[in-house]
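Participant: Chain by chain, the residues run as shown.
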Amino acid sequence: MTPLAGFLLVAALLFSIGLAGALTRRNAILVLIGIELMLNAANLNLIAFWRYGPHPELLTGMMFAIFSIAVAAAEAAVGLGLVIQIYRHAHTTELDKMNRMKG
Amino acid sequence: MSFAFCVLAALTVAGGLAAVMLKNTVHCALALTVAFAGQALLFLELGAQFAGFVQVLVYIGAVAILVVFAILLTRGSETPTDGVYSRYWIQGVLISAGVFAVLGWAILQSASQLPHVAQTPTATVLQIGNALMGRYVLPLEIIAVLLTAALIGAVIIAMHEKEGAE
Chain Z
14 MTPLAGFLLV AALLFSIGLA GALTRRNAIL VLIGIELMLN AANLNLIAFW RYGPHPELLT
74 GMMFAIFSIA VAAAEAAVGL GLVIQIYRHA HTTELDKMNR MKG
Chain C
86 MSFAFCVLAA LTVAGGLAAV MLKNTVHCAL ALTVAFAGQA LLFLELGAQF AGFVQVLVYI
146 GAVAILVVFA ILLTRGSETP TDGVYSRYWI QGVLISAGVF AVLGWAILQS ASQLPHVAQT
206 PTATVLQIGN ALMGRYVLPL EIIAVLLTAA LIGAVIIAMH EKEGAE
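Chains Z and C are the protein sequences, given in the same order. Our numbering puts the first sequence at residues 14 to 116. Our numbering puts the second sequence at residues 86 to 251.
Please keep in mind that the hints were generated in silico from the structure rather than gathered at the bench. One thing to keep in mind: the hints can contain errors.
To be verified - Part of the chain C face toward chain Z, derived, beta carbon under 8 Å:
(1) Gly146
(2) Ile150
(3) Val152
(4) Ala155
(5) Thr166
(6) Leu236
Unchecked claim - Label-pair restraints from in silico Cβ distances:
(7) Z:Glu107 - C:Ser195: 37 to 43 Å
(8) Z:Glu88 - C:Asn109: 22 to 28 Å
(9) Z:Ser81 - C:Met244: 42 to 48 Å
(10) C:Ile180 - Z:Arg101: 29 to 35 Å
(11) C:Val178 - Z:Glu107: 25 to 31 Å
(12) C:Ala95 - Z:Arg101: 37 to 43 Å
(13) C:Ile175 - Z:Met111: 18 to 24 Å
(14) C:Arg220 - Z:Glu107: 43 to 49 Å
(15) C:Ile175 - Z:Glu70: 23 to 29 Å
(16) C:Val202 - Z:Met111: 17 to 23 Å
(17) C:Thr164 - Z:Arg101: 33 to 39 Å
Values in this document were obtained by computation on a predicted structure and should not be read as measured data. For glycine and all other residues, C-beta sits at the position ideal for the given N, C-alpha and C.
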């Protein structure tokens with residue numbers, strides 16, 4: 014197995030773990046943690062392809078990963094702000110109990 | 086497949102597994118930090134020093150702290166008595182196992198055609214800065230606007246509304 018395939022397999026495993034977390038947990042914060050793990054797995058793929066790809070001097074994969082990290086940070090800030098506001102409103106962070114959109 | 090890669094991959098995957106499986110939410114956040122650190126070390130292993138340190142600063146320094154704050158502000162550290170998994174956890178596990186099976190099959194099928202460049206490429210901070218200020222200056226500006234908008238939006242969303250404040 015080439016090193017790139019190893020990195021891609023680890024990234025696929027991390028992505029699946031994050032997906033399982035996002036789909037199975039009841040706490041909204043844990044779902045956000047799962048989404049963060051999935052974004053991280055994508056970043057690992059980008060960096061691995063940059064390292065073993067044919068034109069690393071163009072820095073394309075590196076730039077993609079840096080911009081993706083910035084977007085993930087923005088997503089985490091907004092998501093956790095939403096969770097805090099929903100907790101203030103409904104006094105729960107359990108997704109099963111958030112079953113109406115009307116305030 | 087070096088020894089360092091195996092250790093770092095095991096650390097990252099174990100951290101990720103613990104982050105989604107532990108019952109106590111604070112422990113989950115700590116395990117998430119371990120996964121982030123393992124991934125930063127994987128970036129260093131790949132020769133991407135700048136991305137590794139950005140990962141440490143942004144994820145361990147900011148996102149993990151933000152998650153801990155959110156957990157403590159929402160009393161999420163109290164383990165619920167009726168289980169931490171949703172009713173449909175079997176379907177969720179099956180879907181993610183299927184996704185991993187498809188991804189792993191695709192990777193193993195194409196393993197022989199994947200590109201392989203032996204020498205480690207260099208990506209100094211100077212090169213990255215030149216690329217950010219030259220070829221990628223428009224995405225950089227857009228990401229700056231996005232971050233500003235997201236931070237203002239997060240503050241407005243989480244701001245406490247005062248009663249009768251008109």
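Participant: Compare the structure with the hints numbered earlier in the document and write down the numbers of the violated ones, lowest to highest.
Facilitator: Going through the list in order, the structure violates hints 1, 2, 5, 9, 11, 15, 16, 17 and respects the others.
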